[in-house]
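Colleague: Sequence:
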Amino acid sequence: MSIAYLFVPGSSEKKIAKSFESKADVVIIDLEDSVKIEEKVEARRLISTAVNNIPNHKKRTFLRVNAMNTPWIQEDISLAQQLKLDGIMIPKVEEASDIIWAQNQTELEIIPLIESARGILNLKDIILASTTTKRIAFGSVDYALDIGAEWTAEGEERKIAMNTLVLLSRYYNLEPPVDAVYPDIHDQESLQRDAKFGKQLGFFGKMVIHPKHIDWVNHVYQPSKEQIEWCQLVVQAYDDNNQDGAFQLDGKLIDLPIYMKAKRTLAMVNRQLVDH
Numbered sequence: 012m013s014i015a016y017l018f019v020p021g022s023s024e025k026k027i028a029k030s031f032e033s034k035a036d037v038v039i040i041d042l043e044d045s046v047k048i049e050e051k052v053e054a055r056r057l058i059s060t061a062v063n064n065i066p067n068h069k070k071r072t073f074l075r076v077n078a079m080n081t082p083w084i085q086e087d088i089s090l091a092q093q094l095k096l097d098g099i100m101i102p103k104v105e106e107a108s109d110i111i112w113a114q115n116q117t118e119l120e121i122i123p124l125i126e127s128a129r130g131i132l133n134l135k136d137i138i139l140a141s142t143t144t145k146r147i148a149f150g151s152v153d154y155a156l157d158i159g160a161e162w163t164a165e166g167e168e169r170k171i172a173m174n175t176l177v178l179l180s181r182y183y184n185l186e187p188p189v190d191a192v193y194p195d196i197h198d199q200e201s202l203q204r205d206a207k208f209g210k211q212l213g214f215f216g217k218m219v220i221h222p223k224h225i226d227w228v229n230h231v232y233q234p235s236k237e238q239i240e241w242c243q244l245v246v247q248a249y250d251d252n253n254q255d256g257a258f259q260l261d262g263k264l265i266d267l268p269i270y271m272k273a274k275r276t277l278a279m280v281n282r283q284l285v286d287h
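According to my numbering, numbering within the sequence shown proceeds without interruption in unit steps and concludes at 287.
Hints may be right or wrong, so weigh each one.
Here are the simulated lysine-lysine pairs, DSS-like style, with alpha carbons at most 25 Å apart [stated by the list, open to error]:
1. Lys29 / Lys70
2. Lys29 / Lys47
3. Lys70 / Lys26
4. Lys145 / Lys207
5. Lys69 / Lys34
6. Lys236 / Lys274
7. Lys207 / Lys272
8. Lys236 / Lys272
9. Lys263 / Lys223
10. Lys274 / Lys210
11. Lys263 / Lys210
12. Lys34 / Lys70
13. Lys210 / Lys135
14. Lys69 / Lys145
15. Lys145 / Lys34
16. Lys69 / Lys47
17. Lys34 / Lys95
18. Lys210 / Lys272
19. Lys51 / Lys29
20. Lys236 / Lys263
21. Lys223 / Lys210
22. Lys272 / Lys145
23. Lys51 / Lys95
24. Lys70 / Lys223
25. Lys25 / Lys69
26. Lys210 / Lys70
27. Lys51 / Lys26
If you're looking for bench data, these hints aren't it; they were derived computationally from the structure.
My request is simple: use the sequences and hints to build the entire structure.
Modeller: Below, the structure is given as structure tokens:
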């Protein structure tokens, strides 16, 4: 599964090219917030040039299109199709009808970006409406603004929304949701604390706005060598003992939930090896 989702402004051909050389699992070329209104058309041209100049980059690439209520979204989606990108991210999704309309325009994978109370409360319908969505993403800053809350590093104001995203993603067999960007570019400690908060709630992966954030986020989500070795021991011991109940391994209690968590961790590691 992907961990680091790097946003890159669609108005910079140079930054798009550099993003393909980064350690990001996914590059999200942005046509929304980072592109001025008067630069939208030119940005599409720059994106087309940048992507076509590096045809064999092998980086999973999405286009964050403009919101549903803008005059640019249809041409944004057309661009993603022409460039044969992996998918689109649609910001400010609030209704199932948003997804239904988008699916009528493209067969590309769609990542709905949920950024409002309305989006959270309609999340079940949004998920059920989509046949091409594998995961949901969360926009915490816009969400706090929408509900009239103060965005905090501690995250209390967004915890209910994040829990809802995790629960419904799990119930409807989507991949775990992708966590929001952290707005402070230079504060590694706070960004990693925020990433751990999302991971503890059940998110997997995080959107980032600077290449240096990639290693910071990977450090949170990627298991250490010691953790991988421990998981291998747990799985081997459980399988060898054919245990139906609990047993001890190196003084630690091992039961079915611990075994299943170890298997899940190893499966994730193996998937990352295949992806890379």
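Colleague: Each hint: holds or not?
Modeller: Each hint, compared with the structure:
| no. | hint | verdict |
| --- | --- | --- |
| 1 | Lys29 / Lys70 | 12 Å, holds |
| 2 | Lys29 / Lys47 | 21 Å, holds |
| 3 | Lys70 / Lys26 | 14 Å, holds |
| 4 | Lys145 / Lys207 | 22 Å, holds |
| 5 | Lys69 / Lys34 | 12 Å, holds |
| 6 | Lys236 / Lys274 | 15 Å, holds |
| 7 | Lys207 / Lys272 | 17 Å, holds |
| 8 | Lys236 / Lys272 | 16 Å, holds |
| 9 | Lys263 / Lys223 | 37 Å, violated |
| 10 | Lys274 / Lys210 | 17 Å, holds |
| 11 | Lys263 / Lys210 | 23 Å, holds |
| 12 | Lys34 / Lys70 | 10 Å, holds |
| 13 | Lys210 / Lys135 | 22 Å, holds |
| 14 | Lys69 / Lys145 | 20 Å, holds |
| 15 | Lys145 / Lys34 | 22 Å, holds |
| 16 | Lys69 / Lys47 | 29 Å, violated |
| 17 | Lys34 / Lys95 | 21 Å, holds |
| 18 | Lys210 / Lys272 | 14 Å, holds |
| 19 | Lys51 / Lys29 | 21 Å, holds |
| 20 | Lys236 / Lys263 | 19 Å, holds |
| 21 | Lys223 / Lys210 | 19 Å, holds |
| 22 | Lys272 / Lys145 | 21 Å, holds |
| 23 | Lys51 / Lys95 | 20 Å, holds |
| 24 | Lys70 / Lys223 | 17 Å, holds |
| 25 | Lys25 / Lys69 | 18 Å, holds |
| 26 | Lys210 / Lys70 | 24 Å, holds |
| 27 | Lys51 / Lys26 | 16 Å, holds |
When the structure is compared with the earlier hints, violations turn up for hints 9 and 16 and for no others.
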